[in-house]
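A.B. asks: Generate coordinates for the entire structure from the input sequences, incorporating the hints supplied.
Add 12 to a position in the sequence shown, counting from 1, and you land on the number used in the working numbering.
If you're looking for bench data, these hints aren't it; they were derived computationally from the structure. Computed from a predicted structure; not experimentally measured. Ideal Cβ placement from N, Cα and C applies to all residues, glycine included. All the given hints hold, so there is nothing to weed out.
Calculated lysine-lysine pairs in the DSS-like style (CA-CA distance at most 25 angstroms, straight line):
{"no.": "1", "residue 1": "Lys70", "residue 2": "Lys58"}
{"no.": "2", "residue 1": "Lys70", "residue 2": "Lys59"}
{"no.": "3", "residue 1": "Lys70", "residue 2": "Lys116"}
So the derived label-pair ranges between C-beta atoms look like this:
{"no.": "4", "residue 1": "Gly44", "residue 2": "Val64", "range": "36 to 46 angstroms"}
{"no.": "5", "residue 1": "Asp48", "residue 2": "Lys121", "range": "12 to 22 angstroms"}
{"no.": "6", "residue 1": "Arg19", "residue 2": "Asn67", "range": "15 to 25 angstroms"}
{"no.": "7", "residue 1": "Gly46", "residue 2": "Glu106", "range": "30 to 40 angstroms"}
{"no.": "8", "residue 1": "Ala125", "residue 2": "Val64", "range": "37 to 47 angstroms"}
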Amino acid sequence: MRTLSRRSEFLAANRGLRFPMPGFVLLVRPRGDGDDVPGVGFTVSKKVGNAVTRNRMKRRLRALARAALPESGITGADHVLIGRPGGNDIAFAELGEHLDSALKRAAKKLASALPARHPGLDPGSRSAKSGTPDQVRGDAGGQA
13 MRTLSRRSEF LAANRGLRFP MPGFVLLVRP RGDGDDVPGV GFTVSKKVGN AVTRNRMKRR
73 LRALARAALP ESGITGADHV LIGRPGGNDI AFAELGEHLD SALKRAAKKL ASALPARHPG
133 LDPGSRSAKS GTPDQVRGDA GGQA
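C.D. replies: This is the structure in structure tokens:
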């Protein structure tokens, strides 16, 4: 498992699929870089509570991810777990069930959505138009 650490990785995951659950929100976004190792990141805002409460929530989310992602995580995708207020009050086993449910929903949605978006297009290939806009239009460097 790869840990997300840069802000840009979290912002990219935020543009992916969102699965709200009691206690946390799961964000999933396929990277498309050819690396099959799942990425994981955690965030807990000050809405959840003071530093002690936030750190406890992050520890619980890390333990959940360590247990669930190696077998149920989506290969080649980044997963972000966002702690929600009240997440510390939910039993750990129940949070684990919610995470498994969210991962199954994510896998199902990604399996059905990705081929439909780009039928016949290889994920690593570009569209028919390639090159810079000047080359496509035939302009000579913008000179008239």
